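Participant: Each chain is listed here by its residues.
There are 2 protein chains.
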Amino acid sequence: MTLTGDLLIGGEQVSATAGTMKAFNPAEGAFVEPEFAFGGPAEVDRALRLADDAFDSYSHTGLEERARFLELIADKLEAAKDELAARTSLETGLPAAQFEGETVRSAGVFRKFAAVVRQGRFLQTAIDPAQPDRQPIPRLDHRLQKVALGPVAIFGAGNFPISYSVAGGDTASALAAGCPVVLKAHNAHPGASEIEGRVIQEAVAASGLHPGVFSLVRGSGNEIGEALVDHPLVKAVTFTGSEAGGMALYRRAQQRPEPIPVFTEMTSVNPTFVLPAALAARATEIGTGLVQRGMYNVGQACLKPAVLVAVEGPGYAELRDAAITEVEKWDARPMLTPGIHDAYLRHTRRHQDNGAVRLAEGGAPDGGAYGQALLLEVTGDQLLAEPTLREEVFGPALLLVRVSGTEQLLDVARAFRGQLSATLHADAADRVTAERLLPVLERRTGRIVFNAFSIPQEVSYASTHGGPFPATSDSRFTSVGMGAIERFLRPVTYQNFPDDLLPQSLREANPLHLWRLVDGELTRS
Amino acid sequence: MTLTGDLLIGGEQVSATAGTMKAFNPAEGAFVEPEFAFGGPAEVDRALRLADDAFDSYSHTGLEERARFLELIADKLEAAKDELAARTSLETGLPAAQFEGETVRSAGVFRKFAAVVRQGRFLQTAIDPAQPDRQPIPRLDHRLQKVALGPVAIFGAGNFPISYSVAGGDTASALAAGCPVVLKAHNAHPGASEIEGRVIQEAVAASGLHPGVFSLVRGSGNEIGEALVDHPLVKAVTFTGSEAGGMALYRRAQQRPEPIPVFTEMTSVNPTFVLPAALAARATEIGTGLVQRGMYNVGQACLKPAVLVAVEGPGYAELRDAAITEVEKWDARPMLTPGIHDAYLRHTRRHQDNGAVRLAEGGAPDGGAYGQALLLEVTGDQLLAEPTLREEVFGPALLLVRVSGTEQLLDVARAFRGQLSATLHADAADRVTAERLLPVLERRTGRIVFNAFSIPQEVSYASTHGGPFPATSDSRFTSVGMGAIERFLRPVTYQNFPDDLLPQSLREANPLHLWRLVDGELTRS
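In the order they appear, the protein sequences are chains Y and E.
Quick note: to get my numbering, add 126 to the position in the first sequence (first position is 1).
Quick note: to get my numbering, add 126 to the position in the second sequence (first position is 1).
Hints were generated in silico from the structure; no laboratory data involved.
Bear in mind that the values here come from a model prediction, so they are computed numbers and not experimental data.
Mixed in with the good hints, there may be bad ones.
Looking from chain Y toward chain E, a few residues come up when the C-beta cut is under 10 Å (computed) [what the hints assert, rightly or not]: (1) R172; (2) R175; (3) Q380; (4) R573.
Just so you know, even glycine gets a beta-carbon here, dropped at the ideal spot from N, CA and C.
Put together the whole structure using the sequences plus the hints.
Facilitator: This is the structure in structure tokens:
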């Protein structure tokens, strides 16, 4: 595929209307061809009118038709794997092999959502049959299914250029729900975005769907994102990125004449708690594992275990030594953008200004936007006294928190804001403390991991990638896993309908063989 | 029960700290004893600290224990039925028999939510077992259930003093989810609110629950509601009322440091569309039925069919004549408050200033806050040209819209904002038009009714009482029906947990006999 740098609006390739940009290779410190188009509010409007035009037909596609469309995207993604991985490597300075894996995983996500669509359980069909003889008044027949919300605006994320970007889980789940997508590509990887976008655009055309089902726009600055969030035809927004960026979009969308759901996944330090018996038994393993997980993707992962809390006592020194040894093994690597690298330096300096002790560092950077691995340490008292020490440092820094005892460990747990995940390392002798800690963690996180590390994120039915604020802006939903589709659906009840005017999912004979809730009981008949 | 007029905070009765009020009997035009206490932000804070204290224990109650608590509320409500109905009648000027029925229905709602709790399906448990041999990396065991959000602030509604108020569906569904409730009582019916609140307070005590599970506050002006919405310990808000009031709360909550979900149910004209063959066949029946439904509760119902759209042609004159005849039968009746009556006069006048023709009126008011039934008519051209004609007039006014043909009927359908419900009257010969109209309605409403009228609202599994903005502020949820519980839940995943640290709902042996999604398949084993 020859990259043209165009915007993809409906079925068309659209040239720049607001300047252009080039991708930046952070490993080489150099810009890369070709030029990529920027658009503005006019392109957003054009994409959304097409998406709105596409909505009625796309949201009413049959389950099999929609599932095949998602599978076609998966096939085409895999076919583009080598090209996509090579280009992404060029735009990130990270190894192509990482992106081959990410392409395969993303294709798998589209296939999993195809299965979700075929199963049809996301329709959450329920039937309360008529009760003509009920006293004091008869009951009319009621039948409920979920329907698609409308066109969805998706902000491609910077840190995973495939799986959280154009061909990522947000797009897969919105398309699975029956929502057309207008995607704002992230400027850190414009070529990868174009390849992914053209894969989807081609699948739309090959499936005979309305071209408005998918568009990709790109812009400089905030104007294009604001135009997307403000547009009256957008009915939901997803965003993965910083708390400042996410909350700006969130609050803006809530001030529209018609507020709309905005699912932002923002910030999490994913605290790890090591209870005393586990610490005494497995200090080296935990310290080494922490760093190995923490350095994944140069520490630029939502699920990085950024903070480890353990009681000063047997094993603590060993855990610290193991972490020091491991951190020193890691070379500096290119970060996503120079801006993110600057923020990394600023935030690690802030931690140290606030009393964090520098325990170890990895190999020195060659220069440029290379992130150097860093291990810091504070006491529980310090962490409790200084809120910024509990905030995320995006990049390859890890923080050990040495607490004075299990009571302070619990106090530290209570001091954290909402998290995507928390991890507990505990042995049998830690049971009493574990039982006290679990409800504290449950209130503050969407996922609790026991005696393991929390990444990589599974994409399955029992996955939660969400959590209380500021991990996300709506903890009732997940952005990863099969439940992610629920962000884009709403219930509609059909009351007293003749069978032949009902949607297929609700007809008396159950032609789609769905699990349905009939009078409150699940049945497939 | 002797009314004391106190606030109910946790297990205690709390005296006024910010003045008092008396209930107003709109039929007599006179105030009624006793004095009811107003509180302020200090009482809100006290209630929320108690609710937060109660959260860990209440949200972890066993399903059977929680179900019995809800059933005890139902029993106590029914036991208080005569007293509650008499007091509500006094505070509304409407017949006690109406409120006996409402009490029985509300008790039924608590029993239905008890059944929902026992079934445990609201936990939406999912299990993805470990796959230690999976390539390229093993899968850890993942288990998901829904957990309660935290303390919920509920604004009691004015129009249904029981079923949408203190002992209404919002309270039932929040308690069913495991969330403590702080209720702001509506000042239109303080005595009814106290009776309902004391029923719940007694059930909390008799069930041995933490007293912070339920509190009732009351205040003058907006201060108390703002204090509730602003309080950092509140994790969700529900509101039923006007668009202006609901959106003020909604936007305020989104500007908090930590935004929270606010489910507001606000405004809907529930348009009725009569297609030509149905009109020709059943004009009189439809015209009469429209008015009979529309006059329910003096037209102060969320589901009032406020606007009827029909093509000028065979049957139209008969429909109009039937509606005129029926409207003229209705006497003026007391409205909820003098302020609502003033708004009713203002809005009916605005409709007429904007060209609506006065076709008929009911009996004249005795004076005071009595709402007089009113039938108005506009053309489709007028409705399309003037947006305020598409807005709700809260009270016993109905609007006929005479459209020039089915194309204009479709245009009118497209012009409406989001609705709680829409109704379609169609016969076999209307099939083609019905099939064009249905997707238009589906996009704009949470419920479509076929050849019937849309009230009363069923409280069942297939119920939706929700819809696109401005019917609600989040169309992904319903406020009535068993799905209402979903507003107050969020997913948590337990990863790699030992069986005996898992919640009961997720243990391997399925001790609660729940339907669970295991590897994507529903099973009860």
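Participant: Please verify that hint: Y/R175, Cβ, nearest Cβ of chain E, below 10 Å or not.
Facilitator: Given a least distance of 15 Å, the restraint on Y/R175 is violated.
Participant: Going by Cβ atoms only, is Y/Q380 closer than 10 Å to chain E?
Facilitator: This interface hint holds because 4 Å falls under the 10 Å limit.
Participant: Hint validation: Y/R172 versus chain E, beta carbon distance must be below 10 Å. Holds or violated?
Facilitator: Check failed: Cβ of Y/R172 comes no nearer than 21 Å to chain E, outside 10 Å.
Participant: Given a cut of 10 Å on the nearest C-beta pair, is the interface hint for Y/R573 held or broken against chain E?
Facilitator: Y/R573 check passes; min Cβ-Cβ to chain E is 4 Å, inside 10 Å.
In this structure, the hints that do not hold are numbers 1, 2, in rising order.
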